[in-house]
Amino acid sequence: MAKINSKNNDLLHNSKLTTTPKVYAILLHLVNDNREDLAQIVKRVDYLILYTTRCIALKDFKEAKEAIEKAGERIQFLKKEGVEIDYLEYLYEGTKKKLK
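Per numbering that gives the first Met the number 0, the very first residue in the sequence shown carries number 0; after that it's consecutive.
Rather than coming from a laboratory, the hints here were simulated on the basis of the structure. Here the structure is a predicted model, which is why all the values come from computation and not from measurement. Errors might be hidden in some of the hints.
[As the list claims (entries may be wrong)] With a straight-line cut-off of 16 Å between C-alpha atoms, the simulated EDC-like cross-links for lysine to aspartate or glutamate are: (1) K78 / E65; (2) K95 / E80; (3) K97 / E65; (4) K78 / E92; (5) K69 / E88; (6) K61 / E35; (7) K95 / E68; (8) K15 / E35; (9) K95 / E65; (10) K96 / E65; (11) K99 / D59; (12) K97 / E62; (13) K97 / E68; (14) K6 / D59.
Kindly generate the complete structure, drawing on both the sequences and the hints.
Given below as structure tokens:
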């Protein structure tokens, strides 16, 4: 079976321009392992971390705290599923430190 890439998968095609190369690599690995459901969760976590950073910049700390908590819950779920998300954890911890 041929490897799935951004040319033959909508999730990867839409994500290639909006995510970092490291997050895209995680998505690519998951999609090729037929775990597109987990890839969508990874994409949501990436978005929530980015959204939290924007909220912090706009000084909306209440919304930022809610978003980072949701990202943390999803990261824990991904860990239980055995997904290697070291880079997302790094982003999560860095963003969480900014919030304090």
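Against the structure, the hints come out as follows:
1. K78 / E65: It is violated: about 20 Å lies between the C-alpha atoms, which goes past 16 Å.
2. K95 / E80: violated, 23 Å
3. K97 / E65: holds, 14 Å
4. K78 / E92: holds, 15 Å
5. K69 / E88: holds, 13 Å
6. K61 / E35: Measuring from Cα to Cα gives roughly 31 Å; hence the hint is violated.
7. K95 / E68: OK: K95 and E68 at ~9 Å, within 16 Å.
8. K15 / E35: Given that 16 Å is the threshold and the Cα spacing comes to 15 Å, the pair holds.
9. K95 / E65: holds, 11 Å
10. K96 / E65: Given pair K96, E65 holds - Cα atoms ~15 Å apart, limit 16 Å.
11. K99 / D59: Between K99 and D59 the Cα gap is close to 13 Å, so the pair holds against 16 Å.
12. K97 / E62: Roughly 14 Å separates the two Cα atoms, so the pair holds.
13. K97 / E68: holds, 14 Å
14. K6 / D59: Distance of about 38 Å is beyond 16 Å: violated.
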